[in-house]
Amino acid sequence: MKNETFSYDDAIVKKFALATLVWGGVAFLVGLIAALQLADWRLNFGVSWFTFGRLRPLHTNAAVFAFAGNAIFAGIYYSTQRLLKARMFSDALSKFHFWGWQAIIAAAAITLPMGFSQSKEYAELEWPIDLAITVVWVVFGVNFFMTLLRRRERHMYVALWFYIATILTVGVLHVINSIEIPVGWFQSYPVYAGVQDALVQWWYGHNAVAFFLTTPFLGLMYYFIPKASGRPIYSYRLSIVHFWSLVFIYIWAGPHHLLYTALPDWAQTLGVVFSVMLLAPSWGGMINGLLTLRGAWDRVRTEPILKFFAAAVTFYGMATFEGPLLSIKSVSAIGHYTDWIIAHVHGGALGWNGFLTFGMLYYLVPKLWKTELYSKSLANTHFWIGTVGILLYIISMWASGVTQGLMLQAIDEHGRLVYPDFVETVLRIVPLFWIRAVGGSLFLTGFLVMCYNLWKTVESAPADSKEDVYSAPALAPVPETALGGTWHRRLEALAPTFSVLTLIAILVGSVLEILPTLLMHTYVDSNDKTVPYTALELAGRDIYVKEGCYVCHSQMIRQLPGDVLRYGAASTPEESMYDRPFQWGSKRTGPDLARVGGKYPNMWHFRHMIDPRLVTPNSIMPSYPWLTEKKIDFDGLQRKLDVMRSLGVPYGDADVLYAASNARAAAAQIAADLGTETGVKDLETREIIALIAYLQRLGVSPKAAPATQVGSN
Amino acid sequence: MKSLALSQFPMIYLSVTALLVFFVVFCAVLAHVTAKSRDPEFRSASRLPLEEGQRHESH
Chain D
18 MKNETFSYDD
28 AIVKKFALAT
38 LVWGGVAFLV
48 GLIAALQLAD
58 WRLNFGVSWF
68 TFGRLRPLHT
78 NAAVFAFAGN
88 AIFAGIYYST
98 QRLLKARMFS
108 DALSKFHFWG
118 WQAIIAAAAI
128 TLPMGFSQSK
138 EYAELEWPID
148 LAITVVWVVF
158 GVNFFMTLLR
168 RRERHMYVAL
178 WFYIATILTV
188 GVLHVINSIE
198 IPVGWFQSYP
208 VYAGVQDALV
218 QWWYGHNAVA
228 FFLTTPFLGL
238 MYYFIPKASG
248 RPIYSYRLSI
258 VHFWSLVFIY
268 IWAGPHHLLY
278 TALPDWAQTL
288 GVVFSVMLLA
298 PSWGGMINGL
308 LTLRGAWDRV
318 RTEPILKFFA
328 AAVTFYGMAT
338 FEGPLLSIKS
348 VSAIGHYTDW
358 IIAHVHGGAL
368 GWNGFLTFGM
378 LYYLVPKLWK
388 TELYSKSLAN
398 THFWIGTVGI
408 LLYIISMWAS
418 GVTQGLMLQA
428 IDEHGRLVYP
438 DFVETVLRIV
448 PLFWIRAVGG
458 SLFLTGFLVM
468 CYNLWKTVES
478 APADSKEDVY
488 SAPALAPVPE
498 TALGGTWHRR
508 LEALAPTFSV
518 LTLIAILVGS
528 VLEILPTLLM
538 HTYVDSNDKT
548 VPYTALELAG
558 RDIYVKEGCY
568 VCHSQMIRQL
578 PGDVLRYGAA
588 STPEESMYDR
598 PFQWGSKRTG
608 PDLARVGGKY
618 PNMWHFRHMI
628 DPRLVTPNSI
638 MPSYPWLTEK
648 KIDFDGLQRK
658 LDVMRSLGVP
668 YGDADVLYAA
678 SNARAAAAQI
688 AADLGTETGV
698 KDLETREIIA
708 LIAYLQRLGV
718 SPKAAPATQV
728 GSN
Chain B
12 MKSLALSQFP
22 MIYLSVTALL
32 VFFVVFCAVL
42 AHVTAKSRDP
52 EFRSASRLPL
62 EEGQRHESH
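Protein chains in written order, with the working numbering: chain D, 18 to 730; chain B, 12 to 70.
Bound conformation, chain D alone:
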């Protein structure tokens, strides 16, 4: 066969590696700030864009899409070219992918602190950015698949299967979860509501973890561990079984985020069963990764790269043991909504994604710049600081989660709550927030040590780094191996067929799980007891979303004695049937708000929003003084109600047409109730009024009152 010469596009790998470092710093720093804000509320500084509710989504998005995302792309561009013995299909597309992705991140970093958010976790970004993500992702996909077609190596190594699964599934997840109707340049309502929105979101949210933070990193593991240790993967057989069972099972597990909620029981049960099953493929992958290092353990002791890899895979094993555990209903009853989940995700994100990325960067940077690592001992120092940081983080959050989870569910022999006061449970865990912040600082310090080390490495690189030229035989049109090989071998050689099968594997679970819920209205009589929000309440709801109240408050009373005693009757699917986006929440740093309506007078809420400590001493909730300054967008309400109506919310013509004047009238009533004591001029036009209207409506059903009636609160 004729030999062809070619070179690899390593410039793009360098770019992504650099971006990983830059955004990693941002993600960790914002995370640390958010951690400190929980330890001491004063660090919110009373500045809207700096409050916890707005920074937390910035932190998660930066960690997942900016840090992990750029790391994945660096690794994929490096390994794919080498595994296929081919340059990327188009340098221009690679560049478009790079700059497009950075622009998206920059847009996120600006819009999230401004409060432009859909409130769906890891899918907060508003519709124009959603569209941009779709375009960039498709470009990435085209570039990747065209490279596959032009490869010089017939067999597609297992890492590539994981990349294929990632590209296809993330595309499907993103598009389906982002179907939304714009109501302005930076606001939209999802087409799904309530239970449906919750199920679609957590199908997405869970699989973002699966197909953005797991499968691509497994692909990187299957490439970089053999590469760095100089040994082939322990069992190629196991990797095949690992791949297929993982992609098939993962996609079903989403409902484990919604146990004991108003989600139908059958979907919850499915989620639990598949989550527990996930342990098998996950550990299969972990064992495969760790055993690749067998016989190289002496080098693990001295070689920082291998150390990071070994620890990353171990953390992966820990997190994937904990996940199925937390999916068991009785464990979820304690762990859900608490810091236990935060411990769980950070074991995964810092330990697995973080350490695998660090190991990969320590391997890649010297290779790309054709030099040696500046200092091995600094890398070892990084490893130990980072490890201690992660351990402090997850142990403190385990303690916090279990403590608060048990306190909140504790019931005495008379059937009463042992800790009826929510703040009491919060005060118990505040010291642990400080320990977590120390852990986070250590992790960040280690990261900075790495940045210095890598910077010094690049500095020592020879000036002229020309591209190396490689050669390999061209691919014969009819591969002999494909004819003679077994079926899976043949399958691996056929990129399109393989990709279609992967797509089928993930679609089976998705369709069977989601479709019934989306179709439910065809099986159940539509319910006319649920009254839609008034225009003013809807305005308040949008403020609630904008301020990120949902990052600390749930609106979903679970079918658990502790929940029902504390917050009232368990939430039903009807109650949130018009909620776009749903606000069930995922973390209770503050109490559930599903039935807070009518619990306090308007004045209580007013003072509480200005400064929670005025009414609840020791509260850690941020103050929201700007809500008395910013004005309600009355004029935009007509369009909002119109969009809601087009989505099936039963508003009458008058509701839509007079949305603004109805809202003004309702606002005037609340302002009158608050009186002049507040000292705020034009109080009836301020955002705080709409927010109070919304809060007072939660869990209160104005019995079949026509929605047109103003001032129903």
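Since the hints were derived computationally from the structure, they do not count as laboratory data.
A quick note: this is a predicted structure, and the numbers were derived from the prediction, not measured.
Check the hints yourself; a few may be wrong.
Quick list of the computed label-pair ranges, beta carbon to beta carbon [said to hold, decoys possible]:
no., chain 1, residue 1, chain 2, residue 2, range
1, D, Ile127, B, Phe37, 43 to 49 Å
2, D, Lys647, B, Val27, 49 to 55 Å
3, B, Asp50, D, Met131, 57 to 63 Å
4, D, Leu664, B, Arg58, 51 to 57 Å
5, D, Gly615, B, Leu41, 57 to 63 Å
Some chain B residues near chain D, calculated using beta-carbon distances under 7 Å [claimed, not checked]:
no., residue
6, Ala29
7, Ala56
8, Ser57
9, Arg58
10, Leu59
11, Glu63
12, Gly64
13, Arg66
Simulated coverage check for chain D against chain B, where a stretch passes if three residues somewhere in it have a Cβ under 8 Å from a Cβ of chain B [unchecked claim]:
no., region
14, 90-104
15, 165-177
16, 249-257
17, 260-270
18, 485-491
Backbone N, C-alpha and C fix where the C-beta goes; we use that ideal spot for every residue, glycine too.
Using the hints provided, position chain B relative to the given structure of chain D.
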């Protein structure tokens, strides 16, 4: 009423069917993958990350 209807939703059979299909396919893949005759093939596949084409020169 609605939650009752939802919790007794009949499509669970579809899911059980999918689970069975998965199980059967899984066993088939397992049996196939573990065949001894495939040793040489797997050995060469697993060495792929360790080669990256023949390096010539820089230019």
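Restraint outcome when Ala56 of chain B is required to lie within 7 Å of chain D by C-beta distance: holds (5 Å)
query: Given Arg58 of chain B was flagged as interface, is its beta-carbon under 7 Å from a beta-carbon of chain D?
result: holds (5 Å)
- request: Closer than 8 Å, Cβ to Cβ, for at least three residues: run that test on the region 260-270 of chain D against chain B and report holds or violated.
  value: Per the Cβ count (4), the hint holds.
message: Given a cut of 7 Å on the nearest C-beta pair, is the interface hint for Gly64 of chain B held or broken against chain D?
response: Constraint on Gly64 of chain B satisfied, holds at 4 Å.
message: Please check whether Ala29 of chain B passes as an interface residue: C-beta within 7 Å of a C-beta belonging to chain D.
response: holds (5 Å)
message: Min Cβ distance, Arg66 of chain B to chain D: is it shorter than 7 Å?
response: holds (6 Å)
Hint check for Arg58 of chain B and Leu664 of chain D - Cβ pair distance inside 51 to 57 Å: For Arg58 of chain B against Leu664 of chain D, whose Cβ atoms are near 55 Å apart, the range 51 to 57 Å holds.
- prompt: With a Cβ-Cβ cutoff of 8 Å, does the region 165-177 of chain D contain at least three residues near chain B?
  reply: n = 6 at 8 Å, threshold three: holds.
- prompt: Are there three or more residues in the region 249-257 of chain D whose C-beta lies closer than 8 Å to some C-beta of chain B?
  reply: As far as the region 249-257 of chain D goes, the hint holds, because 5 residues have Cβ atoms under 8 Å from chain B.
query: Would the stated hint for Leu59 of chain B survive a check requiring a Cβ distance to chain D of less than 7 Å?
result: Holds. Min distance 4 Å.
message: So, as I understand it, the hint says Ser57 of chain B touches chain D; can you test that by seeing if any CB pair is closer than 7 Å?
response: holds (4 Å)
message: I want to verify a distance hint. Is the separation of the beta carbons of Asp50 of chain B and Met131 of chain D within 57 to 63 Å?
response: About 59 Å separates the Cβ atoms of Asp50 of chain B and Met131 of chain D, which means 57 to 63 Å holds.
Of the numbered hints given earlier, the model fails none.
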